[in-house]
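Engineer: Spelled out, the chains give:
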Amino acid sequence: MSRPGFVLDVDERTPPLLVHSGESFRLEEFPLGARVVYPPESLPGVPDVDEAIEQALLNPIDSEPLPSLLRAGMRLTIAFDDLSLPLPPMRKPDIRQRIIEHVLEYAAAAGVDDVQLIAANALHRRMTPDELKAIVGERVFRSFFPDNLVNFDAEDRANLVHLGVTDKDEDVEISKRAAESDLLVYVNVNLVAMDGGWKSTAIGLASYNSLRHHHNSQTMVQSRSFMDHKHSQLHSSAWRMGRVLGEHVNVFQIETTLNNDAFPSQYGFLTKREWEWSLRDQALFLGAKRGIDILPGKQRRKLFQSMEAPYQVTGVSAGAVEPVHDQTLARVHRQQLVEVDGQSDVVVFGLPYLCPYNVNSVMNPILAACLGLGYFFNMYVGQPLVRKGGAVILHHPVPWEFSTLHHPSYVDFFEEVLSVSTDPKVIEQKFEEQYATDPWYVHLYRTSYAYHGVHPFYMWYWCAHALDHVGDVIWVGGDRRAVARMGMRSASTFADALEMASDTVGRAPSITYMHSPPHALAHVK
Amino acid sequence: MTDSSPVTQPRIADALAGQKVLLTGVTGFVGEALLERILHDLPDTSVVVVVRPRGGATAEQRVQHLLTKPAFQRLRTRDGDAAVDGLIGTRITVLEGDLPHVPELPGDLDLVVHCAGEVSFDPPIDDGFATNLHGSLALLDAVRASGSRPHYVHVSTAYVAGRREGHVGEGRLDHRVDWRAEANAAERLRTQAEDASRTPDQLAEFLREAEREHGRSGNLAVADDAERRRREWVTKRLVDAGRERARTLGWTDCYTFTKAMAERAVEEAAADLALTVLRPSIIESALEQPYAGWIEGFKMAEPLILAYGRGELPDFPGVPDSTIDIIPIDYVVNATLAAAAQPPPPGETAYFTVCSGARNPLTFRRLYELVRAYFTENPLEQRDRGAVRVPQWDWPGADRVEQLLRIGERAHKTADRLVTHLPRSGRTRDWAQSLDRQKRRLEFLRRYFDLYRPYAEAELHFSDTHTLALHQSLHPDDVATFGFDSADIDWTHYIAGVHTPAVTSTLRALTGGARRTSTKRTIETSANGNGRTIAVFDMDGTLLPSNVVESYLWLRLPELSGGARTREVVDVARALPRWLLTERRDRGAFLRSVYRRYEGADYEQLMRIVDEHVTDIVLGRLSAAATRAIREHRAAGHLTVLVTGAVTPLTRPVAPLFDEVVAAELAVGNDGRCTGFLATPPLVGESRAAWLRHRAAQEGWDLSGSYAYADSASDLPMLRAVGNAVAVDPDISLSRIARRHRWPIEDWHAVVSA
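Residue numbers (my numbering), protein chains in the order written: chain Z, 1 to 525; chain C, 526 to 1279.
No lab work stands behind these hints, which were simulated from the structure alone.
These numbers were taken from a predicted model, which means no experiment stands behind them.
Mixed in with the good hints there might be a few duds.
Unchecked claim - A few chain C residues that face chain Z, going by a derived Cβ cut-off under 10 Å, partial list only:
no., residue
1, R942
2, L943
3, I1048
4, M1132
5, R1133
6, I1134
7, S1148
8, T1152
9, I1155
10, G1162
Unchecked claim - Covered by chain C, per the in silico footprint, the following chain Z stretches (three or more residues, Cβ under 8 Å):
no., region
11, 80-87
12, 95-104
A virtual CB, placed ideally from N, CA and C, is assigned to each residue, including glycine.
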């Protein structure tokens, strides 16, 4: 029986606690009285994944069973989440592969031969053939790539369709193939509460023209939090768009949830509570830490990027988007939700090596900021872990390093935009359109493996709520120049960071440390 | 002269009233000071100046500019700008000319003050004679030709006395050197040196050295450099000849030697004129007039004072208790005018030594203490380093200083050899830069030690009896403004309160004000994007860290099977040493031999491989700063051009950034396979510059307003072809050239990408 998450009060007996910091981790002493939020232990997975899939497809919620939706001569599109999910990538076979294979079997049985698979990568970078193969599996890849297994291209005007506007005048412009299919099957991996629902199709298959209505500083600052779709303006907008989409195309949503087995067994100590570490765990920690620290940068990155999570599937739901998503959220909450009593003056996050946008790549400073202030900060329902005007302390080295292959517009954003202003509103007004329509970025997005020119803006907008809410952001161990460019401060040690934060929160602040990953979602009352 | 009390003379202004004075060397320190004093204090004296037009400015424009200099400020304050600007054509007559090409002179000259001359201590021997001796003679010829019979005041130097020791009186120099023979020999030496520099062996040597350094920049660059080396060689030989000839005859250097020869020649040529020879010692900044601390350019002691203040002069080869004979410029001016006002009878040359050592000696140690006290009190600030701590001198003697200097020079040479062979990086460039700085310092020390050693070790005691008498003969009303009794100089006040602060003020202004930043690239937006401005980029090493061998492997390996792949890599590795040697010699030949390996490759297949495999590698390595620069140029309305020795398929990933791509075109046979030859010659070295100029002529590009970016010395001709060259992560030799030309140096690959 897995234990629920809980909040530890640091006392004399508390050992140093594990903190992630980019491509490393460390043990850190926390001040007495600090609270530590531990996620629930991993839930057991479903005993038979194929059985669970079958069950979901044959007994969908508010929908006909999948086989009865399929007929010969129809046009079927299967869209699926791209490599930004799950993190770390899942040990093979990927859950998407298993579901797609089931769907394709039914389609074949029904004599459907117009089938296209689309990765719902929106403005994310295209995936390489190998990356696509890792998600859909060898068999599907061989049968459909390259003509019928594609990355979505949000700049291919000929393959977009404008479906109309929402009651709030938001354009709904998405993949023409998806919108004009007789059935759109969406295969999702719902790692955190933010994923899934109408976000899958209405965002994953949309163009800039559509995305700009919710991916902007105004909406994002009002999304409190991204992990609570009923209180997130971003999600409300996506839901409105989804309903427009639903009027045009029959969407069969398949959502899956994973447990908290985010790390391979040799890194088991990452998911255990420190005072329960066995001798083996301690030895593994020491060994891993030493080994990682002496590895040259490239090898270290390779080691981390090659990590695959032994995730287990905790459930599969299929059918109509909204009721399916309610079930999904219930399962996500069961795995991640922790009750936390009230806010604190300081919140501490240890940022790991990976975020949704640096799979097989470099976590540049903008992505690090987005991971800390966009994602970790938003891992709450109710109210933020830190009070208004409080301080956020982030552990990450924030190296001044970019992939020019994957993040070309990020480099320029960092040099040309953040050097002018770090205010999301100002940035949006002054620079967004120029980056969004830049022909070179568009060229790279379409033909190479580059995130769209506007993507770094979105990353910065994700931080808008946190930037608006907190009074101070301090990076422990962060590259000073890079951190300063983002208008933040850097401290050499955690103790120094607390010292620096005392300007904002006084000398005896209340402190909460979110012990994550694996994911925990704080329900702050 | 002590036998009779001096006769009081009329006031100088009265004595010279109504006179027309010819002044030479007004653009020099003494000449400028004289002109200022005449204009300021001798209202009824008019001036004729001989000035050489220079740098597009006419003689008159140069004089106009001269009158705006700080020395003339008090005149402007007193008389107003309009009056000063109106002097030219009224009190000042400007004649174009120089020495020895003296123009036709007016026939009513009353006084000639000749203070033009070679100011360098170690000119090539023939230049020394041409300016100091032939110049003076030509002036006298022109004076004579004009019909004037003026009082001729010849400004010489106290150091014409040469390397003697002890008392030096004021009178005709005591030597028997035949100035004509020496002057003729100097001219012959020039011919001989020119001839010697053109022997086949010598020329081959210049060429070899030039090739070693610039071989990769192409033949023309090598030729240019070889010719530069030849000229430098000739100059050095003549400089050496001057110094050695001077020393064998008993003078310290070519300057004092030719000055001494000139005195003798002038004494002969002006035997029938009133002739005054004025011999100042080391002239330094003004004590009072035109204002305390006025100095133009740097004279003799200033570089040393500054070097000391910067902490760069660890010790000095002088004898601490020997005299350094310094005289403020206003004392020299006053003495000159006083002497000018009292012409001697023709045939009885008057000699005046204007010095301080006779009656108010300043020792090296005292000078050092005063300067040291000044810098201890008012240290120079060094950027980011705070106040400089000045060294304490032990006066170890010349030999020990010489030894230290030699060790420094040897260490530098070794380090320099090392650094030029290190792989290029920001750090090696910094090392090279600091080595260069050190080299400049060492060269400075070497030069000054060599030059000053004779002066610093000199045990000369000039006597100034005549000059003192001249001072004492001044009209009582003139003593305050025209006095020049060196006994009244208070050295503490002059050195620590006037001279050293004046010398350091420019330096302080530099470090105290706006920080000097390194040269930065700015992109000018071309008016309405007329397409006349271009920005041309090199690819390998500039846009991305790559080279033709590596990119060859990117292209060839994907289509080969496992075994063939290994074979290919081994073959390439085996060819590498040979290729590297070829590359040092001739980049074109190197490219050809690498491209031979494309023989048999399917061209269409190469294109596909680029799209499928190589694009990621190229874009992943492409410097973000490079893309930004290219895009900035586009945004500014410039045409962007890629010029590379790489083969065309490799440029595909970056081609959308450019309006024109010029790359090596592989020749393709009828079967669609590469022949291993190139369809067009590779654009490297000079051919890039030639291509640019050709296209510029065709398309109407404005190269002088255009930009070029490259990383290697082999790109020099291309960089030189445009007005705005930028060195990107340059190799050591290019980075040195770039610094010399003040080209911006940019680091495009500092931020590592993965």
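Engineer: Under 10 Å, Cβ to Cβ, is where C:L943 needs to be relative to chain Z, so tell me if that hint holds or is violated.
Structural biologist: violated (26 Å)
Engineer: Is the shortest C-beta separation between C:R942 and chain Z less than 10 Å?
Structural biologist: With a closest approach of 31 Å, the C:R942 hint is violated.
Engineer: Taking beta carbons only, do three or more residues of the region 95-104 of chain Z come closer than 8 Å to chain C?
Structural biologist: With 0 residues close enough to chain C, the hint is violated.
Engineer: Go through the hint on C:T1152 and say holds or violated, using the shortest Cβ distance to chain Z against 10 Å.
Structural biologist: holds (7 Å)
Engineer: The region 80-87 of chain Z covered by chain C? Criterion: 3 or more residues, Cβ-Cβ distance below 8 Å.
Structural biologist: Result for this restraint: violated, n = 0.
Engineer: Using Cβ atoms only, decide whether C:G1162 comes closer than 10 Å to chain Z, and label the hint accordingly.
Structural biologist: At 16 Å from the nearest chain Z Cβ, C:G1162 fails the 10 Å test, so the hint is violated.
Engineer: C:I1048 was flagged as interface toward chain Z. Is the shortest Cβ-Cβ separation under 10 Å?
Structural biologist: Violated. Min distance 14 Å.
Engineer: Are C:R1133 and chain Z close enough, Cβ to Cβ, to be under 10 Å, as the hint says?
Structural biologist: violated (14 Å)
Engineer: Per the CB criterion, is C:I1155 less than 10 Å away from chain Z?
Structural biologist: holds (9 Å)
Engineer: Does C:S1148 hold up as a contact with chain Z if the rule is Cβ-Cβ below 10 Å?
Structural biologist: holds (7 Å)
Engineer: How about C:I1134: closest beta carbon in chain Z under 10 Å, or not?
Structural biologist: Nearest chain Z Cβ about 15 Å off; hint violated.
Engineer: Given C:M1132 as an interface hint, is its Cβ closer than 10 Å to any Cβ of chain Z?
Structural biologist: violated (14 Å)
When each numbered hint is compared with the structure, violations occur for hints 1, 2, 3, 4, 5, 6, 10, 11, 12.
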